[in-house]
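Start from the sequences and build out the full structure, keeping to the hints where you can.
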Amino acid sequence: MLSSCTADGTLPASDHFQVVFGLQGRLELVLKGRRHAVQAGRVLVIPPGEQRRCTVRAGAACLVLRSGEAAHRAALAPLAGQLRSVHASTAHLMRYLASRRHADDAASQAATIELLVASLAASLPLGGPRLRRSIDWEALDRWVDERLDEPLAVADLAAQVHLSAPQFALRCRAELGVSPMALVRRRRLAAARRCIDAGMPVYQAALECGYQSPSALTAALRREPLAA
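Position 128 of the sequence shown, counted from 1, bears residue number 128 in the working numbering, the numbering being contiguous throughout.
Read the hints as simulated data drawn from the structure, not as lab findings. All of these numbers come straight from a predicted model, not from anything done at the bench. Ideal Cβ positions, reconstructed from N, Cα and C, are used throughout, including at glycine. Among the clues, some could well be false.
Derived Cβ-Cβ restraints for the label pairs, each shown as a range [what the hints assert, rightly or not]:
hint : residue 1 : residue 2 : range
1    : A37       : D136      : 19 to 29 Å
2    : E175      : R147      : 18 to 28 Å
3    : A88       : D141      : 41 to 51 Å
4    : A80       : Q24       : 17 to 27 Å
Written out as structure tokens, the structure reads:
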């Protein structure tokens, strides 16, 4: 749910986690006697039921998101009371979503909170209290290999490891160094190369490995001649 800070120094009461994202200027917010300065591009996670008051400086603007979903609670709990920065690309998307004419519609709310929760979860240090599911990448590779002739999307892969598409994309880049669709392309190319090496005609290899045409496969092989 989207809401905003009021000018009287309070935030709307909530039984859920609240995530305050700074859009511009400076918002000073006090949690348990500690003052936090939420500036543009910074995020403060407020735990459920926490008493808080805020001071909105002239020209300041922020976005307050609330969510009671179990998956979001698990991701936000380790960040409660912490002030963090998000990646520049995430901040840009957050400002865009906040500026939309119908920013309070259900689709915008879901996209905004999902994006921010995924970015915050990824910001936790590897040795910190991260609550997240491990990914069996080898099992996922096998799942992809069995469906190379099907149109696969990021959401399809994410569903196999019980993550949202944004969360999976972040994990894929962090742990493998590639995007989800680059992972699929790599698996397709490796499978096609094995088929061709085994004597299969290029047109048949293209069909079985999900390429739109033999020329598309030939172009992929030419671009990445050393692909495994």
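Now the hints, each set against the structure:
1. A37 x D136: 19 to 29 Å: 41 Å Cβ-Cβ, so the 19 to 29 Å window is violated.
2. E175 x R147: 18 to 28 Å: holds, 21 Å
3. A88 x D141: 41 to 51 Å: violated, 31 Å
4. A80 x Q24: 17 to 27 Å: At roughly 25 Å between Cβ atoms, Q24 and A80 fall inside 17 to 27 Å, so the hint holds.
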